[in-house]
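Make a model of the complete structure from these sequences and hints.
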Amino acid sequence: MTTFTAPDIQWAQLAPVIVVLGAAVVGVLVEAFAPQRLRRPVQLGLALAATAGALVAVAALWNGVQESGGVDVLGGSLLVDGPTLVLQGATALFALLSILVIADRTETGEDAFTPQAAAIPGSDYEDTARRMGLTQTEVYPLVLFATGGMLIFPATGDLLTLFVALEVLSLPLYLLCGLARRRRLLSQEAAMKYFLLGSFASAVMLFGIALLYGFAGSVRYQEIAAATATTVGLDGLLLTGAVMVLVGLLFKVGAVPFHAWTPDVYQGAPTPITAFMAACTKVAAFGALVRIVYVVLPDLQWDLAPALWTVAILTMVVGTVAALLQTDVKRMLAYSSIAHAGFVLTGIIALTQDGLASVLFYLLAYGAATIGAFAIVTLVRERSGAAGVAGDGLDGADAADATGGSVLGEATHLSQWAGLGRTNPLLAGTFTLFLLSFAGIPLTAGFTGKFAVFSAAVDGGATALAVVGVLTSAAAAFFYVRVIVLMFFTSPATDARERDGLRGAEAASGASGAQVGAASAATGAGEPAAAGAGTGGAVAATLEAARTTTTVVASEGLTTVAVAICAVLTLVLGVVPGPVLDVVADAARLLP
Numbered sequence: 007m008t009t010f011t012a013p014d015i016q017w018a019q020l021a022p023v024i025v026v027l028g029a030a031v032v033g034v035l036v037e038a039f040a041p042q043r044l045r046r047p048v049q050l051g052l053a054l055a056a057t058a059g060a061l062v063a064v065a066a067l068w069n070g071v072q073e074s075g076g077v078d079v080l081g082g083s084l085l086v087d088g089p090t091l092v093l094q095g096a097t098a099l100f101a102l103l104s105i106l107v108i109a110d111r112t113e114t115g116e117d118a119f120t121p122q123a124a125a126i127p128g129s130d131y132e133d134t135a136r137r138m139g140l141t142q143t144e145v146y147p148l149v150l151f152a153t154g155g156m157l158i159f160p161a162t163g164d165l166l167t168l169f170v171a172l173e174v175l176s177l178p179l180y181l182l183c184g185l186a187r188r189r190r191l192l193s194q195e196a197a198m199k200y201f202l203l204g205s206f207a208s209a210v211m212l213f214g215i216a217l218l219y220g221f222a223g224s225v226r227y228q229e230i231a232a233a234t235a236t237t238v239g240l241d242g243l244l245l246t247g248a249v250m251v252l253v254g255l256l257f258k259v260g261a262v263p264f265h266a267w268t269p270d271v272y273q274g275a276p277t278p279i280t281a282f283m284a285a286c287t288k289v290a291a292f293g294a295l296v297r298i299v300y301v302v303l304p305d306l307q308w309d310l311a312p313a314l315w316t317v318a319i320l321t322m323v324v325g326t327v328a329a330l331l332q333t334d335v336k337r338m339l340a341y342s343s344i345a346h347a348g349f350v351l352t353g354i355i356a357l358t359q360d361g362l363a364s365v366l367f368y369l370l371a372y373g374a375a376t377i378g379a380f381a382i383v384t385l386v387r388e389r390s391g392a393a394g395v396a397g398d399g400l401d402g403a404d405a406a407d408a409t410g411g412s413v414l415g416e417a418t419h420l421s422q423w424a425g426l427g428r429t430n431p432l433l434a435g436t437f438t439l440f441l442l443s444f445a446g447i448p449l450t451a452g453f454t455g456k457f458a459v460f461s462a463a464v465d466g467g468a469t470a471l472a473v474v475g476v477l478t479s480a481a482a483a484f485f486y487v488r489v490i491v492l493m494f495f496t497s498p499a500t501d502a503r504e505r506d507g508l509r510g511a512e513a514a515s516g517a518s519g520a521q522v523g524a525a526s527a528a529t530g531a532g533e534p535a536a537a538g539a540g541t542g543g544a545v546a547a548t549l550e551a552a553r554t555t556t557t558v559v560a561s562e563g564l565t566t567v568a569v570a571i572c573a574v575l576t577l578v579l580g581v582v583p584g585p586v587l588d589v590v591a592d593a594a595r596l597l598p
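Residues in the sequence shown are numbered from 7 upward in steps of one, following the working numbering.
None of these hints come from the bench; they were simulated from the model. A quick note: this is a predicted structure, and the numbers were derived from the prediction, not measured. All C-beta atoms, glycine included, are put in the ideal place defined by N, C-alpha and C. Check the hints yourself; a few may be wrong.
In silico EDC-like pairs for lysine to aspartate or glutamate, Cα to Cα no more than 20 angstroms straight-line [to be verified]:
#1 K336 x D270
#2 K199 x E173
#3 K336 x E195
#4 K199 x D270
Okay, the calculated beta carbon distance ranges per label pair [to be verified]:
#5 D592 x V34: 35 to 43 angstroms
#6 T316 x L240: 35 to 43 angstroms
#7 R43 x A232: 55 to 63 angstroms
#8 A470 x W68: 36 to 44 angstroms
#9 F206 x A480: 32 to 40 angstroms
#10 A570 x A470: 17 to 25 angstroms
#11 E229 x F494: 52 to 60 angstroms
Laid out in structure tokens, this is it:
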């Protein structure tokens, strides 16, 4: 008679994951049972408490893990070591900041999400949901489920857990990308592209997992690593499986040639979700990639080096060159994120402890600047000259401000950012700080991060990669500085638009005057007045339409808090990076 032996589970080591996923489940119950008016405050409080609780749990585990070097949990399915805690802490922090941006509402009382996800864009059903003031509070548990998957992803100790974590973090993101309030069709297209390409990438990874299992007879990282040194005659299974698993991970980080989804999804998704994806997904995916390369495949360094070098170089070059050609802020930041993925890969390819530490620091610096930059994008909007402009997605009476203008969608075209430094110097200055960090200018976190990964690459024998990285960083500075020049040294685009509109209105007024004169001669004194009134209304409408401006909208202040925290992190990690560098250097020891 066989007896069941209960597994010994160290629940305390799972605390960050349990807190977030538990809150996500509670969030689903809130959606089912809480009254409509209470859902948003309850969901927001729950999401913030969960991510803050995960941060506290990471801090509580820190000393014990540093002393022991790490712990195997669930029979080795999860590995809680120094890099795991750094990555989980960064993910929880960035998720908390993203939730602040997600929850914020502008002066019009709206958030970034469609009032009814199931409504056909432009339908009467959607318009009715908007006028009723419905909100998509399902966003919060979806974000928490994705965050839970991200916390598991870099801690996995076997390939099956890796795949499950990948799906847990990806499926909510596919839904969230299609929930934009405006540009609904573009948002739904982004969600569909992300879903289809992500499904293909997941399938490729799953085939790779099957091949590695066929090679080693196990899905555990440690046993696969041991098999690479002893098993002979199955090199084809090993190399093919390793490449296919790497393809799935490189897709999640947006590396070339697996990057095609990135610009379209970043542009079409609600901007707060773009910030969440760009920061948190990269932290989690690079954490998983680091563990695979450093723990499972170090003996294949010479076999995989040509492929990894090629991917890193292409990622840096393609991301930089494509970003130079963009005229949309979100697409520019998307291609910038691709280039940054290439910079992080240089640190991974070094295959040294310094390389691992530099990757951890770079992800902290990049995540802070990314959330801050996209958060600012959510505040820069178009404002029409007349209330209730058709197609703006708002009820005119609700959207109109004191001057009669309506807040429209985000002003993402670069030309619309011209002169922003004159009208809103604080916001433009903060955005400049994030751009300078992306460019790697000294005294910003980006400079320290790039210096760390390039130095690690040189020490690890990848000097050529470091040279390419420095050259592409220099070229990338152009499109960052271009935006800065546009904001501070260019007249606002609305000035030229208003002048063009006024000239058009004057021409229309002259033509209308001639028509009024002709009508007066033909019909007498009564009707010309009516005709003149109608013409005057048309001229006024033309003038109002011509006065569409770029404005920075007021909000509840949650986005401002997130931007301020990101700015402080960017400065602190750039001016006094020593303590953080020491912490990540001490933590950069992976469990076998």
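Cross-check of the supplied hints:
1. Taken as a hint, the K336 and D270 pair is honoured in the structure, with Cα atoms around 9 angstroms apart against an allowance of 20 angstroms.
2. About 16 angstroms separates the Cα atoms of K199 and E173, which keeps this hinted pair within 20 angstroms; it holds.
3. Of the supplied pair hints, the one linking K336 and E195 holds, its CA atoms being roughly 16 angstroms apart against a limit of 20 angstroms.
4. At most 20 angstroms may separate the alpha-carbon atoms for a hinted pair to count; K199 and D270 meet this at roughly 8 angstroms.
5. Between D592 and V34, the C-beta spacing of about 39 angstroms keeps the proposed range 35 to 43 angstroms intact.
6. Between T316 and L240, the C-beta spacing of about 25 angstroms breaks the proposed range 35 to 43 angstroms.
7. For the hinted restraint 55 to 63 angstroms between R43 and A232, the CB-CB distance of approximately 58 angstroms keeps it satisfied.
8. Under the hint 36 to 44 angstroms, the C-beta atoms of A470 and W68, about 37 angstroms apart, fit the expected range.
9. In this structure the supplied range 32 to 40 angstroms holds for F206 paired with A480, their Cβ-Cβ distance being about 35 angstroms.
10. A570 and A470 have their C-beta atoms about 40 angstroms apart, which leaves the hinted 17 to 25 angstroms range violated.
11. Restraint check, E229 to F494: a C-beta distance of roughly 57 angstroms satisfies the suggested window 52 to 60 angstroms.
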